[in-house]
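As you go down the protein sequences, you meet chains X and F in turn. If you want the numbering used here, it's the 1-based position in the first sequence plus 194. If you want the numbering used here, it's the 1-based position in the second sequence plus 194.
What the hints contain is simulated information worked out from the structure, not anything from laboratory work. Even for Gly, the Cβ is constructed at its ideal location relative to N, Cα and C. Worth double-checking, as some hints may not be accurate.
Claimed, not checked - Counterexamples of contact, computed for chain F against chain X with all Cβ distances above 10 angstroms:
1. Ile200
2. Ile201
3. Asp206
4. Asp229
5. Gly252
6. His268
7. Gly293
Claimed, not checked - Under the rule of at most 25 angstroms between Cα atoms (straight-line distance), these lysine-lysine pairs were calculated in the PhoX-like manner:
8. Lys337/F - Lys298/X
9. Lys298/F - Lys337/X
10. Lys337/X - Lys325/F
11. Lys242/X - Lys301/X
2 protein chains.
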Amino acid sequence: MEGITIIPAKADEFALIWPIFQAVTKTGDTFIYPDDMDYFDAEEIWMKGTNPYLVCQGEQVVGTYVIRPNKVGHGSHVCNAGFMLHPDHQNNGIGRYMGEHALKQAKELGYLAMQFNVVVSTNSRSVALWKSLDFKIVGTIPKGFLHQEKGLVDLYIMHRFL
Amino acid sequence: MEGITIIPAKADEFALIWPIFQAVTKTGDTFIYPDDMDYFDAEEIWMKGTNPYLVCQGEQVVGTYVIRPNKVGHGSHVCNAGFMLHPDHQNNGIGRYMGEHALKQAKELGYLAMQFNVVVSTNSRSVALWKSLDFKIVGTIPKGFLHQEKGLVDLYIMHRFL
Numbered sequence: 195m196e197g198i199t200i201i202p203a204k205a206d207e208f209a210l211i212w213p214i215f216q217a218v219t220k221t222g223d224t225f226i227y228p229d230d231m232d233y234f235d236a237e238e239i240w241m242k243g244t245n246p247y248l249v250c251q252g253e254q255v256v257g258t259y260v261i262r263p264n265k266v267g268h269g270s271h272v273c274n275a276g277f278m279l280h281p282d283h284q285n286n287g288i289g290r291y292m293g294e295h296a297l298k299q300a301k302e303l304g305y306l307a308m309q310f311n312v313v314v315s316t317n318s319r320s321v322a323l324w325k326s327l328d329f330k331i332v333g334t335i336p337k338g339f340l341h342q343e344k345g346l347v348d349l350y351i352m353h354r355f356l
Numbered sequence: 195m196e197g198i199t200i201i202p203a204k205a206d207e208f209a210l211i212w213p214i215f216q217a218v219t220k221t222g223d224t225f226i227y228p229d230d231m232d233y234f235d236a237e238e239i240w241m242k243g244t245n246p247y248l249v250c251q252g253e254q255v256v257g258t259y260v261i262r263p264n265k266v267g268h269g270s271h272v273c274n275a276g277f278m279l280h281p282d283h284q285n286n287g288i289g290r291y292m293g294e295h296a297l298k299q300a301k302e303l304g305y306l307a308m309q310f311n312v313v314v315s316t317n318s319r320s321v322a323l324w325k326s327l328d329f330k331i332v333g334t335i336p337k338g339f340l341h342q343e344k345g346l347v348d349l350y351i352m353h354r355f356l
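Isolated chain X, as found in the complex (with noise of 0.2 angstroms):
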């Protein structure tokens, strides 16, 4: 994509991912961790064990994103992926990128499917991406998301193949 620039992220960059981390998880409305998490649990969770990449325009990082197996041991053939884009760079095609970045890594890594365990139902935007990039919702976890404004919500499992 023009301008944009997606690069695996250092072990010791977290730094440059926690302004977009705290941006993201503060709305209480599309991510699953607590809106208060501190510096170095939000760390351990998006860097420890995981594949982080960075997405830049230009010099600034505007969004990151993670793959990791989604399970250990009988379940490490999927793998789960997590993406935050800062909300100043939203609807203009990044979140689409970054998404089809991520299922062309993930399958060079070697996995054969990728599962998202935490779509807020209520987050359309996301769910239509999704959709539009061929993952089907597989399963619906009634009221598993405590949304800030709505309350219990449903959330979705979605997957595809890779």
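Chain F: place on chain X using the hints.
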């Protein structure tokens, strides 16, 4: 249940659980954990951040289960539980008793629902047990589990409110 006692496990009692953990995971047809997981990794998975229990027949520990938040933050009102019963003590009602006990404990701990993320579709005994305890299959991960004998088989996600 006559002759069976279920008590909380203390933080330093994983040694009592380890023989069961080994016996149950080595079959490679029920649990997601790698068949060759070592003591310390197993201890961390089973004891850290969980409510672990010992299932005793007389003085002997024959089973164990844990309750833990299925997700942090916005999903922490839903618990996950894991159950292990030594192969020598299966098929005699202890599994059901463990399940009933866990549902009661989870409710007392304040959870709103219980979710299993890894019910191997070919494990018909477990699927039937959980259905009889009012769990529903809310999701199916196609080929989500690498079964030691059968290869890639589906995984069910099962759920019930408490």
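- Query: When the hints from earlier in the document are held up against this structure, which numbers fail?
  - Reply: 4, 6
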